[in-house]
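Student: Sequence:
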Amino acid sequence: METKLEKRYIIEISYSLRTLVFSLLLSVFSPLYAPPVVVPNLNTPVFNATSMDQTFNVANGMQTVGNWDSFVFQGVSILQTQWEAQVQAQITMMVNSITTSDHYASVQEYQTYVYNSLQSK
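Residue numbers for the sequence shown follow our numbering, so the first one is 65 and each next one is one higher.
Just so you know, the hints here were simulated from the structure itself, not pulled from any lab data. Any given hint might turn out to be false.
To be verified - Derived CB-CB ranges, DEER-like:
hint	residue 1	residue 2	range
1	Gln127	Ser170	58 to 64 Å
2	Gln172	Gln152	14 to 20 Å
3	Val101	Lys71	30 to 36 Å
4	Tyr177	Leu84	32 to 38 Å
5	Val101	Asp133	40 to 46 Å
Here a beta-carbon is modelled for each residue, glycine too, at the ideal position from N, C-alpha and C.
Could you put the whole structure together from the sequences, leaning on the hints where they help?
Tutor: Shown next, in the form of structure tokens:
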């Protein structure tokens, strides 16, 4: 025959097991969501309309349309390269400033996500 102490012990174990099973089921079937990652805004440099003035002034002295085209396209390519370098430097600075990590993603994964998001803009 069970003593009062044994009955109490069985009741406590039963309660503990039910609580444990409920907690496990709750944690297994509840969805896991990573916290949202805020991608910073990219402030791209604004095109300065006068930045091509000197290029056009020199190009207007060219003898052929082909030379004019080549010279102007070279100037446009230089401006585009400078613009892209400025944007890339800004993206790199933003990505390198990320130190966030959690049990969902590492710092590198957060940096990669932000880098890819900024590159696609």
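Student: Decide, hint by hint, whether the structure agrees.
Tutor: Okay, the hints, checked on the actual structure:
no. : hint                        : result
1   : Gln127 / Ser170: 58 to 64 Å : holds, 60 Å
2   : Gln172 / Gln152: 14 to 20 Å : holds, 19 Å
3   : Val101 / Lys71: 30 to 36 Å  : violated, 54 Å
4   : Tyr177 / Leu84: 32 to 38 Å  : holds, 36 Å
5   : Val101 / Asp133: 40 to 46 Å : holds, 45 Å
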